[in-house]
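Participant: This is what each chain is made of:
Protein chains: 2
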Amino acid sequence: MKTFNLCFLGFGNVGHALVRLLGEKSAEMREEYGIEWRITGMATRRAGWIASAEGLASESLLSAEFAAGSSSSQSRIGVSPPTNVREWLEAARCDVMFEITSLEPLTGQPAVEHVRAALESGAHVVTANKGTIVHAYRELRALALSRGRHFLFDATVADMPVFSLFRECLPAVRLQAFRGIFNSTTGVILEEMERGRTFADGVRRAQTLGVTETDPAYDVDGWDAAVKTCALANVLMDAPLSLDEIEREGIRGLDAEDVRAARAAGRPYKLVSRAERTAEGRIAARVGAEQIAADDPLAAAGGTSLVINFELDILPGLTLTAHHPDLRSTAYGLLSDFINAVRAET
Amino acid sequence: MKTFNLCFLGFGNVGHALVRLLGEKSAEMREEYGIEWRITGMATRRAGWIASAEGLASESLLSAEFAAGSSSSQSRIGVSPPTNVREWLEAARCDVMFEITSLEPLTGQPAVEHVRAALESGAHVVTANKGTIVHAYRELRALALSRGRHFLFDATVADMPVFSLFRECLPAVRLQAFRGIFNSTTGVILEEMERGRTFADGVRRAQTLGVTETDPAYDVDGWDAAVKTCALANVLMDAPLSLDEIEREGIRGLDAEDVRAARAAGRPYKLVSRAERTAEGRIAARVGAEQIAADDPLAAAGGTSLVINFELDILPGLTLTAHHPDLRSTAYGLLSDFINAVRAET
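So the protein sequences, as listed, match chains A and B.
For what it's worth, our numbering labels the leading residue of the first sequence as 397, then goes sequentially.
For what it's worth, our numbering labels the leading residue of the second sequence as 397, then goes sequentially.
The shape of chain A in the complex, shown without the other chains (with noise of 0.2 Å):
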């Protein structure tokens, strides 16, 4: 049995699903694993970098108190008084730094310097981030190597165990292409446009469910499924590949008629990844609205369902589906992440 530090670097909606996650799982995690934890990290624009290496306690942070940034909350739950990620994680004396904050699609920054910080602390980083995988991924698998730390990041695409599942359970395979659909609002605007309503009431939608990102803009014109396409290549097909490598048209283009008629004669449209080695070596990869057939793997992906198809050397084809994720997936691609970087050491 080890009691692990867990600092959060972020703290939105998925972090409050992952702080609900660790509590109810606490159990599971101490009899199957040997983990225990507390939080003794957390950091926020808001609320600032606070720290206590006793632990905070899990019931504030999820306080209505805490989300406003009162001092009188942040005083209560024990605050020592770093000024930046390393006296934090010092203070914090972090074990797994969760780094959960929004994604900054054009540098990675500050996120990238953030889990370097972290790994070069000595604490395993688990992030839902994509940023790091985009901008900087060779970098930091190298640094986490060289100081035996775990750097991993399940939560970051389609709510599945995708990255996992290629590291753990499929050794010694060469991935040739993959397929996917990885953006849910562009399948809900889709779905509501069938029905015969407008782009916008497709957006209004999305946002109702609470699966768009805060720009909608970043869903529906192909970035959120650009940035994904480039981090599954990145670490899966390891070739580096930039996001403006990416061919990527969004469904703005789309026209309603196009989409219903489309549906009717059951290909609908879907914004669709793909990424496929080229004769020479590289990568070529692609996002954008193609239709589907009935029969086709990605067929599989209604509503919020997120899908992926992989044509490997070995097994003809191999398709995951995720079937209406939610941010309780998301929490728990960290939490599992969490469990596999520290399961060696208890």
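The set of hints was computed from the structure by calculation and includes no laboratory data.
Glycine included, every Cβ here is placed at the ideal spot set by N, Cα and C.
Be a bit skeptical, because a hint or two may be false.
As the list claims (entries may be wrong) - Derived CB-CB ranges, DEER-like: (1) A:T503 - B:P712: 29 to 39 Å; (2) A:E741 - B:E535: 23 to 33 Å; (3) A:R648 - B:L458: 27 to 37 Å; (4) A:R416 - B:E486: 45 to 55 Å.
What the hints assert, rightly or not - Derived coverage of chain A by chain B (criterion: at least 3 residues anywhere in the stretch with Cβ under 8 Å from a Cβ of chain B; other residues may be distant): (5) 442-455; (6) 490-497; (7) 521-530; (8) 690-698; (9) 723-734.
Unchecked claim - Which chain A residues face chain B? A few, computed with CB under 8 Å, are given here: (10) S560; (11) L561; (12) T674; (13) L714; (14) L716; (15) H719.
Fit chain B to the supplied structure of chain A, relying on the hints for placement.
Facilitator: Structure of chain B alone, referenced to chain A:
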């Protein structure tokens, strides 16, 4: 870098495919995992117990002379004379035993006894034989644990990394229920009937494709699907379930006209396996023909493809589909288990 001594118990089509795949993936196993291997033991009903701690030549093992059991080929590849499984494991200095004999569904013997002997001798065991899981999973798991050895079986069900997925990528989840299509032969037969051909035509077509068991009745009457259902429930739901507790109905009772009409209506028949936890904490399981709607996660499996849908306490739904798996897929299940059994030792 470490060299592992491999022993093959049984050497049919899957064994041949595995020897070829081991050859094909040698460089990757060496470079990525530090794993070298040699085959030091081979046992078949015809050839007897063959062992050579210096290694047998895999080309000779794949030759027609070896298959025919001629004594000249055996002496050429270096025969020492063990007379039972324990002597054989010792003479071969076995590190990893592949148990790939044919299934004996009623007792799982003599495979269970052979696996026990191998684990007691200090070898890891990798099997494609469902009988060991159905009849002795708990005992063999406990034995492996007590000896610090691995007992792995990703090649037993559906030609996908299902067991390793749960073991490595889905820690601390609770599986509530699963449904799946686990038998290729019945899929092929039903599709032939949908095209207006007879049941017997379908059996012949499946035999041509090489997907049937030696006795097609074993597929057609749902035994194969039931054995796989039993193995999955035993391992993933951690509830002892015996084969005779599974309600089982094959596809013989289906009327050809009904099968065609169901397809025409977009709800084709499939041989579906299902298991779920009951309110009393037991497992209720059944195998039988069911009509599958187009938006069902299982609809993705046409032809010889296999599919499994999981309902977890955390992820609302997760589906894995193996498209047109073949002998190489099964052999890869054994190869990946071998790598996973030993990767921590190099």
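Participant: Provide an ascending list of the numbers of those earlier hints which the structure does not satisfy.
Facilitator: 3, 5, 6, 7 and 12
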